Structure formats: C-alpha cells, structure tokens
Amino acid sequence: LDTQQTRIMNDKEKQNENSDVALEAQPEPAPSSPGPPPNGGFQAWLQVLGAFFLFFNSWGIINTFGAYQAFYESDLLSHHTSSEISWIGTFQGFLLVVFGVVSGPVFDQGHPRFLIITGTFLVVFGMMMTSLATEYWQLFLAQGAVVGLGAGFLFVPSVAIVATYFSTKRALATGITASGGSIGSVIYPVVFHRLQPRIGFAWATRILGFIALATLLGSILIMKTRLPPPKKSRRLIDPDGLGSLPFMIFNLALFLAFVGLYVPFFYIILYAQSKLGLDEDLSFYMLAVVNGASVFGRIIPGLLADKLGSLEVMTASAIISAVVAFCWLAINNLGGLVVFCIVYGFVSGAVVSLPPTVVAGFVPGLHVLGTWIGMGLLCASMGLLIGNPIAGTLINVAENKFTGGIIFSAAFIAAGALALVVSRALRIRAAKASKTENN
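Under the UniProt record's numbering, read the sequence shown as residues 1 to 439, first letter to last.
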C-alpha cells in the first residue's frame, strides 16, 4: 500500500510539473482587437469634425490661390506671367498631395498626432512668412513650399483616421470631411478679398493664418487613431499595390484627371474679368461660387457612393466634369458662367473627395490604407504639378485668349475619366475571378 501511495503521489507531482511547464509555454494573450468600425457614435463623428478642419486648412487654403493669383497679377507680381505666378499655387498643391507618400507610412506606424501638430506649425508659419514676402522667390518658398508641405502633413490623417471609424457610412463621412476643403475655399478668399483693400496684403494674410491656427488646434485636441500601430515597419511603396492592375490604372486616372481638374479654379477670376469684362468684385465671387458648389459635390456624391459604390460615382462625376469643362468654351455671358461654376464645382468636388474612399475598396487591409492612399496621391500630385503652369502658357490674358487652356483642361479630365472606366472594369473582372476560385 505504501508503495502504491508513493507511486500515486509521484504521478501527481509529475502531472503538476507538466501542467506548470505547459502553462509557461503558452504565449501571452494577444492585446484585444479594436473590433469592427463603429460606423457612428460620438467619438466617430468627433473625428469627422476634426478631419473637417484639417481639410479646411489644407485643400481650403490650396483652393484659395485663385484669389491670390488675381491679386499678384494686378499688383504684387504684375511683372510676372500667369504661368510663372501659377507655379506658386501649383507647387503648393503638389506638395500637399505628393507628401502623402511619406506621411502615409508615418500614419500607418501610429503617428497621426505628429503629422497633425507638424502640419499645423508649418501652415501657420508659412502664412505668416507669406505676409512678409515682397518678391516672387519669397512667395514661392513661404506660400508654395512651407504652406504646401504643412498641408501635406495634414491631408493623410484627415482621410485615413475617419476611414478606420466607418465602413458602411465611410463615403458619407469622408464627403463631410472633404466639404471642409470647399467651405475653407469659400471663406478664405472672401476674407482675403474683403480685408486686403482695407488693411493691406500683409495683415489680410496674417488673419488667414490666425484662423488656421484656431481651427487646427481643435483638430489636435480631438483626433486620435482607432487602430494600434503594426509591429513591422511599412514601406513608402507597398509591393502589393504595384501588383494590383485595377489600382494602378486608378492611379493613372488620378494623374490624368488632376492635370486638368484645377485649371478652372486658378483662372476663373481672370476669365471673368478679361473675357467677359466683369468688374473685380463680381468676377472674384465666381471663385466663391465654384468652391461653394463643391461643398455639396463632396457630400451628396458621398451619400450616393455608400449605395452605388465609390468608384462608380467617381467615374460618373469625372465624365460629367469633362463634358462641363468642354462647355466652358461656349460661355460668353454672366449667366452661363454662373451655371458653369455651379455644375463644375459640384461634379469636380466628387472627383477630389472620393479617391481615398475608392482606395479603401482596393486595399487588402486597413493596416496599409495610409500607404496606398499615399501611392495614389503621388500620382495625383504629378498631374497637379504640371497642369496649371502648362495651361498658363496656353492662356493669354492680355489678348483674351483662353481656348487653348480650356481644351487642355477638358481633354485631360476626359482621359482620366476613361481610365476610371477601365479600372472599374478590371476590378469587376478580378472580383469575378476571385469568386470563381473560392467556389
């Protein structure tokens, strides 16, 4: 009996030892998953508000350059050509978009707050330095380079953070945030236009900088990412993205469309003054009209995109934008110009706001969303960089010749729309092939 009891006790001790070893060998529990996107709630919509202000001070400031272009041509830089002056605003927009290639992976590594704070500093600092500038090179560095770089820091967080909080309502949420760019591009030019004759260029620009500072502080306080950063570092370019033919054709579409998309925003004031003979105040408000219509063009198509598909709505909007841009050739009175500004502002707003949502439909996972958005923005930035200066060489304001610039703009938008059609067809074919393999 003693021998049997001893064996039993030894067996139990061995079992306990084995259990302890098994427990020690088990990996530590993984951190809890953030779960699916909430698709609403106070915190989610608070991110939309914060992203709204990021758009307000990135695309809103970029789209304001049409007002500065008109002022520079008539006053501060009157000895420079339209093409030379447009390089300031074009380079500003180029940096906003191209910096997505860098800021995308930085965002994916869990540093959105760094991007927002740095972007805020650069935008405000650049506006203050612009107010002190008197020479072309000074304006190019301060307004073109510093403000553009700051806007580039702000842009990716403005779309990528919101995308992680929504799935079924993603296009609507992104449309609301993108409308901040349109509202900013209405408010900023009006403030500048009203204040510049009264208090001068310097203080009018400084006040815009103070508005940017106040609104961006709100974004710094309320915005935060929902997903934990990945353990592995991300590349600036994701090889999986390069291997996706539908996504690469979509990037080609962005390049082509953005070559011509912003030509009306840069030259509509000069067209109204030179071609139609409108006075300074009335012609200036044409820019406000096209930007104001863009507010609705970023929200309403977002509602449709949640039901019909983001790529489908963007494709239709690009096609209509091209048709309307060609119609610009036939406008010779105020009524026609107002209709053009409203319709073009609406449909082009969808082309500008929907790309991040479309990219979210291409990515294999949200953990690389920032990187893929950055890849798309790189292509768009190249088109934005060359489009307006080339159009400026085809436009002769002194002789009221705008035909070449208008055809150039419309043709490239049409080419971008065609590429979107091809991208959509390829994505549908890829989806069918994947479904067949799974079956």
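It is worth saying that the hints were derived from the structure and are not from the lab.
Honestly, I wouldn't trust all of these hints.
With a straight-line Cα cutoff of 30 Å, these simulated DSS-like cross-link-like pairs (lysine-lysine) come out [claimed, not checked]: (1) K307 with K224; (2) K432 with K307; (3) K435 with K275; (4) K435 with K307.
If you anchor each label on the Cβ, the simulated ranges turn out as follows [what the hints assert, rightly or not]: (5) S167 with S74: 43 to 53 Å; (6) K401 with H79: 41 to 51 Å; (7) C327 with I220: 35 to 45 Å; (8) W203 with Q109: 23 to 33 Å.
Since the model is a prediction, treat every value here as computed from it, not as a measurement.
Cβ coordinates follow ideal geometry from the N, Cα and C atoms, glycine included.
Hint check results:
{"no.": "1", "hint": "K307 with K224", "in the structure": "holds, 28 Å"}
{"no.": "2", "hint": "K432 with K307", "in the structure": "holds, 20 Å"}
{"no.": "3", "hint": "K435 with K275", "in the structure": "violated, 55 Å"}
{"no.": "4", "hint": "K435 with K307", "in the structure": "holds, 21 Å"}
{"no.": "5", "hint": "S167 with S74: 43 to 53 Å", "in the structure": "holds, 49 Å"}
{"no.": "6", "hint": "K401 with H79: 41 to 51 Å", "in the structure": "violated, 20 Å"}
{"no.": "7", "hint": "C327 with I220: 35 to 45 Å", "in the structure": "holds, 43 Å"}
{"no.": "8", "hint": "W203 with Q109: 23 to 33 Å", "in the structure": "violated, 40 Å"}
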